[in-house]
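Below are the chains, spelled out letter by letter.
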Amino acid sequence: MANNGIGSSKQDNSSLITQTNLECKNLYEYLKNQPQNVLDRLYIHPAICLAVYRELPELARQYVIRILFVEQPVPQAVVASWGSQASSKEHNYVTKVLTDLNVWIEDSLPGGLIGWMLSPTFKKNLKAALLGGGKPWSMSSALDADKNARDVGFLDSYSSERWECVLHYMVGSQQQEGISADAVRILLHAGLMKRDEEDGSPVITRQGFQFLLLDRHAQVWHFLLQYLDTVQQRGLDLVECLTFLFQLSFSTLGKDYSTEGLSPGLLIFLQHLREFGLVYQRKRKAGRFYPTRLALNITNSQNKNAPILEEDSPKGYIVVETNYRVYAYTDSNLQVALIALFTELMYRFPNLVVGVITRDSIRQALRGGITADQIIGYLKQHAHERMLTADTKQPLPPTVVDQIKLWELERNRLTYNEGVLYSQFLSQADFNVLKEYAQSNGVLIWCNKEKRTLVINKNAHDDVKKFWKKYSKGS
Amino acid sequence: MNNIELPAEKEPEITSADEISLLVVILDTNPTQKMLRDKQNQLTNIVDSVVAFSNSHLMQKAQNKLAVMACHSKTSQFIYPGAKKPLDVRQVDGQYEAFLLVEKTVKQNLAELLASESSTAVTESLLAGAIAMALCYIARLQRTKPPGSKLNSRILVVSGSGDSASQYMNYMNVFFTAQKLNVVLDVCALDQHLSLLQQCCDITGGMYLKVPQITALLQFLLWVFLPEPPIREKLVLPPPVKVDYRAACFCHRELIDIGFVCSVCLSIFCKFSPICTTCHMVFKIPGPLAVKPKKRKLKL
Numbered sequence: 001m002a003n004n005g006i007g008s009s010k011q012d013n014s015s016l017i018t019q020t021n022l023e024c025k026n027l028y029e030y031l032k033n034q035p036q037n038v039l040d041r042l043y044i045h046p047a048i049c050l051a052v053y054r055e056l057p058e059l060a061r062q063y064v065i066r067i068l069f070v071e072q073p074v075p076q077a078v079v080a081s082w083g084s085q086a087s088s089k090e091h092n093y094v095t096k097v098l099t100d101l102n103v104w105i106e107d108s109l110p111g112g113l114i115g116w117m118l119s120p121t122f123k124k125n126l127k128a129a130l131l132g133g134g135k136p137w138s139m140s141s142a143l144d145a146d147k148n149a150r151d152v153g154f155l156d157s158y159s160s161e162r163w164e165c166v167l168h169y170m171v172g173s174q175q176q177e178g179i180s181a182d183a184v185r186i187l188l189h190a191g192l193m194k195r196d197e198e199d200g201s202p203v204i205t206r207q208g209f210q211f212l213l214l215d216r217h218a219q220v221w222h223f224l225l226q227y228l229d230t231v232q233q234r235g236l237d238l239v240e241c242l243t244f245l246f247q248l249s250f251s252t253l254g255k256d257y258s259t260e261g262l263s264p265g266l267l268i269f270l271q272h273l274r275e276f277g278l279v280y281q282r283k284r285k286a287g288r289f290y291p292t293r294l295a296l297n298i299t300n301s302q303n304k305n306a307p308i309l310e311e312d313s314p315k316g317y318i319v320v321e322t323n324y325r326v327y328a329y330t331d332s333n334l335q336v337a338l339i340a341l342f343t344e345l346m347y348r349f350p351n352l353v354v355g356v357i358t359r360d361s362i363r364q365a366l367r368g369g370i371t372a373d374q375i376i377g378y379l380k381q382h383a384h385e386r387m388l389t390a391d392t393k394q395p396l397p398p399t400v401v402d403q404i405k406l407w408e409l410e411r412n413r414l415t416y417n418e419g420v421l422y423s424q425f426l427s428q429a430d431f432n433v434l435k436e437y438a439q440s441n442g443v444l445i446w447c448n449k450e451k452r453t454l455v456i457n458k459n460a461h462d463d464v465k466k467f468w469k470k471y472s473k474g475s
Numbered sequence: 001m002n003n004i005e006l007p008a009e010k011e012p013e014i015t016s017a018d019e020i021s022l023l024v025v026i027l028d029t030n031p032t033q034k035m036l037r038d039k040q041n042q043l044t045n046i047v048d049s050v051v052a053f054s055n056s057h058l059m060q061k062a063q064n065k066l067a068v069m070a071c072h073s074k075t076s077q078f079i080y081p082g083a084k085k086p087l088d089v090r091q092v093d094g095q096y097e098a099f100l101l102v103e104k105t106v107k108q109n110l111a112e113l114l115a116s117e118s119s120t121a122v123t124e125s126l127l128a129g130a131i132a133m134a135l136c137y138i139a140r141l142q143r144t145k146p147p148g149s150k151l152n153s154r155i156l157v158v159s160g161s162g163d164s165a166s167q168y169m170n171y172m173n174v175f176f177t178a179q180k181l182n183v184v185l186d187v188c189a190l191d192q193h194l195s196l197l198q199q200c201c202d203i204t205g206g207m208y209l210k211v212p213q214i215t216a217l218l219q220f221l222l223w224v225f226l227p228e229p230p231i232r233e234k235l236v237l238p239p240p241v242k243v244d245y246r247a248a249c250f251c252h253r254e255l256i257d258i259g260f261v262c263s264v265c266l267s268i269f270c271k272f273s274p275i276c277t278t279c280h281m282v283f284k285i286p287g288p289l290a291v292k293p294k295k296r297k298l299k300l
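These protein sequence lines map, in sequence, to chains A and B. According to UniProt numbering, the first sequence is numbered sequentially starting from 1. According to UniProt numbering, the second sequence is numbered sequentially starting from 1.
Any given hint could be a false lead.
Below, a list of computed lysine-lysine pairs in the DSSO-like style, where the Cα atoms sit at most 30 Å apart [stated by the list, open to error]:
1. A/96 <-> A/25
2. A/147 <-> B/104
3. B/180 <-> A/255
4. A/255 <-> B/34
5. B/85 <-> A/135
6. A/127 <-> B/180
Far from chain B by the CB rule (all over 10 Å, computed), these chain A residues [claimed, not checked]:
7. 66
8. 231
9. 235
10. 267
None of these hints come from the bench; they were simulated from the model. From a predicted model like this one, the values you see are computed outputs, not experimental measurements. Glycine included, every Cβ here is placed at the ideal spot set by N, Cα and C.
Work out the full structure: start from the sequences and follow the hints.
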């Protein structure tokens with residue numbers, strides 16, 4: 001029998017490759033993995049309901065708002081009839097998301113029909129956020145006017161200075177002060193940095209490089225998610241911290257908020273946020289704090305194209321020309337270091353750095369674990385205003401974009417599939433039968449008639465084996 | 001070699017617009033509206049519904065923008081964002097600060113507007129003017145928006161006034177301007193059908209709805225007018241009504257089926273006049289139609 005020919009199974013490399021890439025979850029993915037009771041406790045707070053609502057897919061938001069004011073379950077068939085025929089796939093996805101997040105729950109109607117009903121806590125608190133009612137959020141106690149009031153400009157420069165401090169530390173710029181052991185621990189925990197084998201000092205990892213190329217919003221969100229992972233070890237309450245974070249994200253820039261009534265745990269959390277520049281506090285005991293732009297709309301990471309406020313648009317500084325030259329109008333060491341990740345620097349002036357994108361420079365970046373999309377994304381995101389006004393659709397020269405992508409494709413000429421090798425068939429007929437079967441099920445990866453070997457998708461191995469046993473018994 | 005592509009399971013592509021969407025709500029607050037005079041608290045109810053609806057629009061996405069206008073008997077005004085410095089609000093209950101700000105500003109500015117109303121003369125609402133103002137506002141935001149971003153704008157008119165053809169020309173001008181600017185005009189009629197505004201929904205691709213029950217106004221607004229135009233395709237919404245495309249004549253402002261049209265400037269008249277009142281073209285008085293002499297066909 002040829003069944004002993006189940007040889008070596010191919011090593012699966014694709015998973016190894018993807019694993020090393022930076023995973024930036026959005027709020028939905030984060031909450032999906034939270035246990036039910038945590039979700040229920042989260043939905044007690046209007047701020048979280050609001051944040052969750054905004055993260056829902058477009059269609060889901062419409063569904064929720066339609067049944068927000070309905071006091072009884074709505075039959076599932078009725079909900080399904082809201083969407084048009086063409087979008088039924090999206091409808092199914094939306095239903096799944098809403099169920100995953102426990103936003104709505106199944107309930108049976110008197111007539112035996114099954115209906116959807118918003119989770120009572122979620123409904124109550126989303127209504128509160130929209131229309132009012134309930135208790136004020138924890139940080140909005142009344143305050144007298146601050147005699148040391150800070151304006152938006154000050155807060156912006158403060159927050160970017162604090163945040164860049166963290167990034168500077170990551171790229172290993174000399175200055176080591178200004179960053180606490182706590183922040184280093186989070187960077188290590190997040191895998192953005194790792195301890196050097198020789199002297200134990202933290203060095204940046206490939207995820208760290210990818211992290212640097214993200215836009216500011218995504219950086220903050222990713223960093224905070226990693227921070228929240230470690231929250232329980234610090235003896236802080238996850239729900240409490242998340243709630244506070246979302247309240248912060250829905251606060252108004254340039255306004256002061258009170259620390260009165262915050263629990264000791266939250267005060268510690270506040271000090272951590274202060275360190276990363278998410279809030280500004282003049283003194284530790286000031287009794288008030290100002291949220292900065294970093295803290296606002298933190299969950300809103302997927303819509304990086306649309307700035308929320310007019311003055312929010314980041315100041316672009318990069319010009320890319322069709323001759324692959326990159327001009328970066330900057331004097332920040334950090335930005336220069338980032339540009340140098342994927343270009344060959346040519347000249348450096350006090351306010352300008354000129355580099356050129358070459359095959360080697362890009363390949364070096366790709367070897368470092370950065371993807372072409374990340375490079376292009378970075379260039380696009382920081383494109384100079386002049387680049388944007390020329391043609392709003394495509395700020396970068398298409399030739400450069402395509403070439404960077406081609407250089408990446410050069411490296412990915414192999415695709416990996418996990419499979420099981422079948423070989424040493426006794427007859428050509430046996431081989432043909434199994435090949436036909438695998439082919440008809442779409443699980444055949446490769447076959448060779450002369451050598452009578454074939455490779456089957458690993459997931460289908462059991463099924464094919466069963467078929468083979470049945471077949472060989474019959475013959 | 002036998003390469004077979006494995007069927008990859010993909011999640012359905014979920015479209016979500018990464019753009020700023022601006023909603024301008026025009027609320028007809030003219031005190032001469034019949035339904036406002038009939039019931040004492042009607043205006044409060046309507047304002048509450050409209051504010052809740054506006055806040056739901058802001059709730060959809062952090063990028064969404066909102067403006068609310070009051071269209072009064074003599075003037076139209078922006079009541080959110082107001083002309084003055086934004087109010088300094090502090091949370092009083094669980095409501096999100098930004099929503100509270102909208103509610104407070106709208107109510108305060110509206111109260112001021114109503115208090116300044118002195119004369120009791122019956123005039124019709126200046127809806128066309130209000131729409132024009134809204135279009136100007138949209139055009140200004142379009143100009144000042146950050147480079148590289150996209151602004152989708154729409155206007156929602158909420159009115160209980162009756163139909164009137166006296167502003168016909170102004171209406172047509174704003175409708176076609178809106179169409180040119182890619183601004184969608186939605187109309188929510190509270191009391192009577194508004195046939196002229198139906199035309200504008202048809203021209204700009206908006207929704208028209210006459211609310212059957214004023215008590216359920218909020219729910220109707222949320223169902224029909226909250227979805228953005230791109231998402232409307234995915235939802236089953238009331239089908240478009242048959243639009244009455246009758247034009248109003250320029251002489252008496254009456255809707256007519258058949259009339260006279262100036263061959264030079266295309267002005268419409270319900271009765272024949274020898275001089276066009278718009279372009280002063282002089283026409284001959286039509287005599288009996290001359291019978292054409294029959295042509296003799298050439299035979300080959």
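Test the statement that residue 235 of chain A is away from the interface with chain B: the closest C-beta pair must be farther apart than 10 Å. Nearest chain B Cβ is 28 Å from residue 235 of chain A, so the label holds.
Keeping to a limit of 30 Å between CA atoms, is the pair of residue 147 of chain A and residue 104 of chain B held or broken? At roughly 26 Å apart (the allowed maximum being 30 Å), residue 104 of chain B and residue 147 of chain A satisfy the hint.
Run the distance test for residue 127 of chain A versus residue 180 of chain B: straight-line Cα separation, threshold 30 Å. The given pair, whose Cα atoms are some 38 Å apart, is violated under the 30 Å limit.
Below or equal to 30 Å on CA atoms is what counts here, so check residue 180 of chain B against residue 255 of chain A. violated (40 Å)
Quick one: work out the minimum CB distance from residue 231 of chain A to chain B and report holds if it exceeds 10 Å, violated otherwise. holds (24 Å)
Could you let me know if the closest chain B CB is still more than 10 Å away from the CB of residue 66 of chain A? violated (6 Å)
Run the distance test for residue 255 of chain A versus residue 34 of chain B: straight-line Cα separation, threshold 30 Å. violated (44 Å)
Holds or violated: residue 85 of chain B with residue 135 of chain A, Cα cutoff 30 Å? holds (28 Å)
Once the closest CB in chain B is found, is it more than 10 Å from residue 267 of chain A? For residue 267 of chain A, whose nearest Cβ neighbour in chain B is about 20 Å away, the distance exceeds 10 Å, so it holds.
Given the hinted pair residue 96 of chain A and residue 25 of chain A, is their Cα-Cα distance within 30 Å? Given pair residue 96 of chain A, residue 25 of chain A holds - Cα atoms ~18 Å apart, limit 30 Å.
Figure legend: structure checked against the earlier numbered hints; hints not met, in rising order: 3, 4, 6, 7.
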